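**Q** Each chain is listed here by its residues.
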Amino acid sequence: MGSVGAKEVPVLLSPEGLRIDGRKLDELRPIRIQVGALHNADGSAFVEWGANKVMAAVYGPREVHPRHLQQNNKAVIQCKYNMAAFAVDERKRPGLDRRSQEISKVIGEAFESVVFAEEYPRTSIDIYIEVLQANAGTRCAGLVAASMALADAGIPMVDLLPAVAVGKIAGKIALDLKKEEDNFGDADLPMALVPQSGRLVLIQMEGHMTEEELSQALELGVQGCREIYEKMKQALRERYATGPIGGSA
Amino acid sequence: MSRGHRPGHRTRGREGSPSSPFGDRTLVLPGEEIRAQGLKPGPGTYRTGGKVYASVLGLLSERPPLVQVIPLSGRYIPKPADTVIGTVTDVQGTFWLLDIGAPRWAPLHMTGTPWQVDVGETERFLRVGDAVVVQIESLEATGRIGVTMNGEGLGKLEGGTIVRISPARIPRVVGRNGSMIDTIRRLTGAEVVVGQNGRVWIGGTPEGIHRVSEVLRIIEENAQHSGLTERVESYLQSTTSTGTRGPEAPPHEHAHRDAPPRVLGAAEPDEDAVDAEDEPPEPSESGGH
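Sequences listed follow chains A and B, in order.
Quick note on numbering: our numbering labels position 50 of the first sequence as 37, and the sequence is numbered without any gaps.
So the mapping is simple: our numbering equals the position in the second sequence, first residue as 1, plus 707.
Chain A on its own, in the form it takes in the complex (with noise of 0.2 Å):
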């Protein structure tokens, strides 16, 4: 089962069922969110997900620029994703790649499906996700620590945005991939959440699942995310239960 060519895998599944860092197949990695971990921007998060650090601000909404991009009945949600060059072992070139782009892409238009632009015509709001640790599921942990960001910055959204990916490993499906299982692995599937309405406003797949993994897949997912979702509002109360508050301080 799960062979993947003649490379040295390692055995991403014990026998008795635990992963390759003791997990079992639908335990998430350890998730610790700080809400408001910036000064500058209107609202900021900082999440620790597994190994993945990622830190996300936002500003706005605010004046749009460039200029052009400025829609008269609604604010643009403009996201930027992007990993540090020193977020992985071999140094990650610098700057603007075709991936970050996309991921950019797909987490500004997840934000789009939940923000309620509408109350803020010819606004920007302005999403920035920095990854500076990574660990596999940075998009997800990015999301996430946007959401957070959002929320701290009094964006007025349907709900938050918990996001996660399932996997495939040595022939299971499985929670939250750390790096191993998703470089070794036979698919990875990140999503994200809508708690309320139940909808995912983010799929995406790489590699093989049968129907019937996927179904698998998509079940986990949504139960993983929930949890998360649980995670997210639980830091949200800590950070506006005690200490200072604001944005801008």
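FYI, nobody ran anything at the bench for these hints, they're computed from the structure.
Source: prediction; values computed, not measured.
Heads up, the beta-carbon is just placed ideally off N, CA and C, and yes, glycines get one too.
Each hint should be verified, as a subset may be incorrect.
To be verified - Pairwise CB distance ranges (calculated):
(1) A:Gln58 / B:Gln744: 33 to 43 Å
(2) B:Ser945 / A:Arg86: 52 to 62 Å
(3) B:Thr912 / A:Leu187: 55 to 65 Å
(4) B:Thr912 / A:Asp76: 50 to 60 Å
(5) B:Asp797 / A:Arg86: 35 to 45 Å
(6) A:Gly82 / B:Asp797: 48 to 58 Å
(7) B:Lys758 / A:Leu5: 35 to 45 Å
To be verified - Selected chain A positions facing chain B (Cβ under 7 Å, derived; list incomplete):
(8) Pro(-3)
(9) Gly9
(10) Tyr107
(11) Gly141
(12) Glu200
Here the structure of chain A is known, so what remains is to put chain B in place on it, guided by the hints.
**A** Structure of chain B alone, referenced to chain A:
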């Protein structure tokens, strides 16, 4: 700030709601269902599928016939007649654009000033970076914010420093019937102008500016506690005018020129206003408000 989160363990309780410091008002998050009980969904909420949900993070408030969420964060949302502090971000032929911390820049038309401004001469009166006190005059559906500088207490700010705090905290800075702000002015001798947009201008000696910004930090951090005026009072008395031994002041956002005096005048002769730009400022008519 330490988080009570231990990695490696999933949260047991569903809600994990810590007891609220907001009295009987509940903290709600975007996407949370609100029991509307026959009330109409107001600002900060939305309705779908017959249910009402919060759209922003804030405090639940039932004001029949509306149920609404009062935001706890976010940019300044302008209200008519608010007095705000802005900085000039752009100069055009007949108006200036002001950053007042709102979603949009606010145009200040040359006719909305106490000065006799000719078309194209706007830059002689206000330049990019200058700070002003203005009042919100009109709000349009397009999001355009009209402001005026005609009125008492409005005008250009000279010297001093602008400190930014959350607009939601401004009522605490002013206090009931201005009790807090009076205390601050009395015990520091500094001049303080409070904008409803969360910007506070402080003028006077560097030391006075330092003490007022320290007080603002205290207020912002302890806004949800009662007895704040007493607390500020005891802080200011324990750190008498000389020998401040309070903690480090927070970094100042905008250190406009360090020149001590300021001219806050609606009745400012225009020629002088222009000349004052580059000349050493005349001695101030000191004293607070």
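**Q** It remains to establish, for every hint, whether it holds in the given structure.
**A** How the hints compare with the structure:
In this structure, Gln58 of chain A and Gln744 of chain B meet the distance hint of 33 to 43 Å, their C-beta atoms being roughly 37 Å apart. Distance hint check: the CB atoms of Ser945 of chain B and Arg86 of chain A are about 56 Å apart, consistent with the given range 52 to 62 Å. The beta-carbon spacing between Thr912 of chain B and Leu187 of chain A, approximately 59 Å, falls within the hinted interval of 55 to 65 Å. Between Thr912 of chain B and Asp76 of chain A the CB atoms are about 55 Å apart, so this pair conforms to the stated range of 50 to 60 Å.
The beta-carbon spacing between Asp797 of chain B and Arg86 of chain A, approximately 37 Å, falls within the hinted interval of 35 to 45 Å. The beta-carbon spacing between Gly82 of chain A and Asp797 of chain B, approximately 30 Å, falls outside the hinted interval of 48 to 58 Å. Hint check: Lys758 of chain B to Leu5 of chain A, Cβ distance near 41 Å, so the stated range 35 to 45 Å holds. With 7 Å as the threshold, the beta carbon of Pro(-3) of chain A stays out of range of chain B, its nearest partner Cβ sitting at about 22 Å, so the hint is violated.
The interface hint given for Gly9 of chain A is broken, as the beta carbon of that residue sits about 10 Å from the closest beta carbon of chain B, more than 7 Å. The criterion of a C-beta within 7 Å of any C-beta in chain B is met by Tyr107 of chain A, whose closest approach is roughly 5 Å, and the hint holds. With its C-beta approaching chain B no nearer than about 2 Å, Gly141 of chain A sits inside the 7 Å limit, and its interface hint holds. Interface hint status for Glu200 of chain A: violated, as the beta-carbon distance to the closest one in chain B is roughly 25 Å, over 7 Å.
In summary, the numbered hints that this structure violates are 6, 8, 9, 12.
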